[in-house]
Amino acid sequence: MDVAPGRTLRVERQRETLRVVIDRPDRNNSINDTLMRDLHAALDEAEGDPTTRLVVIEGSGPVFCSGMDFGDAADSNRADDGLAARGGQVFYGLLKRLASLPRVVVSVVDGRVTGGGVGIAAASDFVYASARSSFALPEALWGLLPCCVLPFLIRRTGFQPAYAMTLSTLPVTAEHAARIHLVDEVMDDARPALRRLASRLTKIDTSVVADGKRYFEQLRQPAERHEQVAVTEFARLMSSPVVRGRIAGFAQNQLMPWENR
Amino acid sequence: MDVAPGRTLRVERQRETLRVVIDRPDRNNSINDTLMRDLHAALDEAEGDPTTRLVVIEGSGPVFCSGMDFGDAADSNRADDGLAARGGQVFYGLLKRLASLPRVVVSVVDGRVTGGGVGIAAASDFVYASARSSFALPEALWGLLPCCVLPFLIRRTGFQPAYAMTLSTLPVTAEHAARIHLVDEVMDDARPALRRLASRLTKIDTSVVADGKRYFEQLRQPAERHEQVAVTEFARLMSSPVVRGRIAGFAQNQLMPWENR
Amino acid sequence: MDVAPGRTLRVERQRETLRVVIDRPDRNNSINDTLMRDLHAALDEAEGDPTTRLVVIEGSGPVFCSGMDFGDAADSNRADDGLAARGGQVFYGLLKRLASLPRVVVSVVDGRVTGGGVGIAAASDFVYASARSSFALPEALWGLLPCCVLPFLIRRTGFQPAYAMTLSTLPVTAEHAARIHLVDEVMDDARPALRRLASRLTKIDTSVVADGKRYFEQLRQPAERHEQVAVTEFARLMSSPVVRGRIAGFAQNQLMPWENR
Chain H
1 MDVAPGRTLR VERQRETLRV VIDRPDRNNS INDTLMRDLH AALDEAEGDP
51 TTRLVVIEGS GPVFCSGMDF GDAADSNRAD DGLAARGGQV FYGLLKRLAS
101 LPRVVVSVVD GRVTGGGVGI AAASDFVYAS ARSSFALPEA LWGLLPCCVL
151 PFLIRRTGFQ PAYAMTLSTL PVTAEHAARI HLVDEVMDDA RPALRRLASR
201 LTKIDTSVVA DGKRYFEQLR QPAERHEQVA VTEFARLMSS PVVRGRIAGF
251 AQNQLMPWEN R
Chain U
1 MDVAPGRTLR VERQRETLRV VIDRPDRNNS INDTLMRDLH AALDEAEGDP
51 TTRLVVIEGS GPVFCSGMDF GDAADSNRAD DGLAARGGQV FYGLLKRLAS
101 LPRVVVSVVD GRVTGGGVGI AAASDFVYAS ARSSFALPEA LWGLLPCCVL
151 PFLIRRTGFQ PAYAMTLSTL PVTAEHAARI HLVDEVMDDA RPALRRLASR
201 LTKIDTSVVA DGKRYFEQLR QPAERHEQVA VTEFARLMSS PVVRGRIAGF
251 AQNQLMPWEN R
Chain B
1 MDVAPGRTLR VERQRETLRV VIDRPDRNNS INDTLMRDLH AALDEAEGDP
51 TTRLVVIEGS GPVFCSGMDF GDAADSNRAD DGLAARGGQV FYGLLKRLAS
101 LPRVVVSVVD GRVTGGGVGI AAASDFVYAS ARSSFALPEA LWGLLPCCVL
151 PFLIRRTGFQ PAYAMTLSTL PVTAEHAARI HLVDEVMDDA RPALRRLASR
201 LTKIDTSVVA DGKRYFEQLR QPAERHEQVA VTEFARLMSS PVVRGRIAGF
251 AQNQLMPWEN R
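Chains as they are written, first to last, in this note's numbering: chain H, 1 to 261; chain U, 1 to 261; chain B, 1 to 261.
Take these hints with a grain of salt, some might be off.
Pairs count within a copy or across copies, as identical chains cannot be separated in the list.
No more than 20 Å apart at the CA atoms, straight line, and that leaves these computed lysine to aspartate or glutamate pairs for EDC-like [unchecked claim]:
1) 203 / 49
2) 96 / 227
3) 203 / 33
4) 96 / 224
5) 96 / 33
6) 213 / 33
7) 213 / 227
8) 213 / 58
9) 213 / 47
10) 213 / 175
11) 96 / 58
12) 96 / 44
13) 96 / 211
Calculated directly from the structure, the hints in this document are not laboratory data.
Next comes chain H alone, as it looks inside the complex:
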């Protein structure tokens, strides 16, 4: 198996944005080990550069991402049982990395998204989709379930919309996906929204993005722990001299935080 980086993705940096284009049009932009490794490498690059604030994931052609590469999966099956468990672990790890990366991740969808591709979108911080996009979980037709996708999809949609997509296997439109919060905004040109978001993100410390993602994870614990979690995190953030300086600058001189660094 050829694992040369850059083979499955096109990656380009533009100011504060790292743009990652899934580019396996001959395999319907499906996910194999190489693509997962290449995507991790791109995220390493984003994480290693303090000026990168935004990672934008797109798909080349009419398919954003079609999920697991069945050709590679069929090969693995010949080998041994442990590979399936490892495949699930590696894919879950990729989705977890998207969700916890100390940068803001936006999936810009223009086309079909199926199976594991829905996981990549769902694990992104924001999903912008064109009106012609569609989202489907056909796993049950194969005797499978979208096991790794569902924790990230349910985080966005709640129980019922994810359940309905899984049991029916029918695709939903971008408009429907927006109503269930799988898509944050339907727009045929994502560039103005990306510029607006990037402009905000240059005013936010990347450490706060990391703090925010970690804090939201803590709030997915049972509700009885929320009060302690909230009070502890608030006290920790307020003890930062940087934060205190910004608050004093505003209180005394009406300085906004980004004027006070």
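Following the hints, put chains U and B in place on chain H, whose structure we already have.
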């Protein structure tokens, strides 16, 4: 009390669909012990027949289901305290059975749904409702709460919409019910949607419907367990020779799963 | 610091409604210790009067509430670290009180709501907002997170909409806030809706409002406990002689519960 099956329900089989009509128009289609037993018997019938893929629940007349039969509840009250606890247990058990049945359950609503009737709809996999339908939880007016309904309603709507219905006791329209995911689709004629769903379901193993329902229950545990649950279930499903055969058939010969049995 | 009651709020009783107007227009209706104490005092008044069923919270002028008073926070910072922890605890306690008060709490929003102000709205049982209202969580710009707000916001919106507001820091419109259930209804004149709600609430025992709020908290525990919680609470409520009397009155004489006291 007469418990002859068929007394509270009309049940008919049509190809892959078992149609169950709640038929106590003189008691506003309210729920008593007989109806719960009859409904369990109908679900037994669906579960015992491998060709049945879909259970459709309807109500006769302008009321889909009005919840607990207060006439019977008043009788029970005369007897002893334990009956109320048993009544809650039996009703919760019915809702749990609807939610875990290895068949797809659709409530087709055309009219008023109140109290426990909202539970029957909420515990169904899909709810299709006509525009004139309405949903209400009037329990608080009686000094009660929709205790058994709420876990199933919150699963669909999240916290706030269920909370608002409970505290206000005011009915919501079908349109509103769709916005909060208590209803999956508003449509005056459910037959095309049922046909589309049935056509998909005949391509899905009933064991996968059971797997899917069980897996979604596991994902309602605290978030820290999700990764392990996901990876384990994915590995289990991928180890099936049937699944492997389908994947290989697609990878090698572009066969869709239903062409490869 | 002057803690005279009535300094930060205007409070007036009108029949079954206690109206509380946040009134610090010179400080953008921001939250300091005095306001929190005054608000607790108003809630004490509501809770002490059995004829009060509804607490309505409004803001004077174009800002409903702008969150933490940075002037006071800057003062506290001079003092010591413990104050930040205490501030979080006190604010969380206020939100928890709004959410558990045995009265129905409605925030009527007409204007901008930011930071902790979103918490006051989110912790309310109902939020009615005019179309020109907006909601924003700018905390990340300061290096902070809306720690205490989020558990109450997520309860309403689920994970994704709260996450998007926190990471983007961008305001959302009232219309968007309604789609994510931060707002229950968008209306430029809240009075008809308040009258309709008040008319229902006079028919509901205040003890049931308390029971309902407590029961919903129990249902935020992991799902495996829901059945036991539901069955136990149903049996407890059904054992009340008042409830039994109402059910018998309906079953035997078609009396509605409020005709049967």
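Against the structure, the hints come out as follows:
Proximity of residue 203 and residue 49 under a CA criterion of 20 Å is satisfied intra-copy only: 16 Å inside one chain copy versus 48 Å between copies. For a Cα distance limit of 20 Å, the shortest separation of residue 96 from residue 227 across copies, 9 Å, qualifies, whereas the shortest one inside one copy, 25 Å, does not. In this assembly of identical chains, the alpha carbons of residue 203 and residue 33 never lie at most 20 Å apart, being 36 Å within a copy and 29 Å across copies at closest. In this homomeric assembly, residue 96 and residue 224 come within 20 Å of each other (Cα to Cα) only across copies, at 12 Å, whereas the closest approach inside a single copy is 25 Å.
In this homomeric assembly, residue 96 and residue 33 come within 20 Å of each other (Cα to Cα) only inside a single copy, at 16 Å, whereas the closest approach across copies is 40 Å. Taking identical chains as interchangeable, the C-alpha atoms of residue 213 and residue 33 are never at most 20 Å apart, the minima being 26 Å within one chain and 29 Å between chains. Taking identical chains as interchangeable, the C-alpha atoms of residue 213 and residue 227 lie at most 20 Å apart whether they share a chain (18 Å) or sit on different chains (17 Å). Within a single copy, residue 213 and residue 58 get their C-alpha atoms no closer than 22 Å, and across copies no closer than 32 Å, so neither meets the 20 Å cut-off.
Within a single copy, residue 213 and residue 47 get their C-alpha atoms as close as 15 Å, which meets the 20 Å cut-off; across copies the closest is 38 Å, which misses it. Taking CA atoms no more than 20 Å apart as the test, residue 213 paired with residue 175 passes in neither setting, with 27 Å inside one copy and 26 Å between copies. In the homo-oligomer, the alpha carbons of residue 96 and residue 58 lie at most 20 Å apart inside one protomer (18 Å), although the nearest pairing across protomers, at 41 Å, exceeds that limit. Taking the closest pair of Cα atoms, residue 96 and residue 44 come within 20 Å of each other only inside a single copy of the chain (14 Å); across copies the shortest separation is 41 Å, beyond that limit.
In the homo-oligomer, the alpha carbons of residue 96 and residue 211 lie at most 20 Å apart inside one protomer (15 Å), although the nearest pairing across protomers, at 24 Å, exceeds that limit.
The earlier numbered hints that this structure contradicts are 3, 6, 8 and 10.
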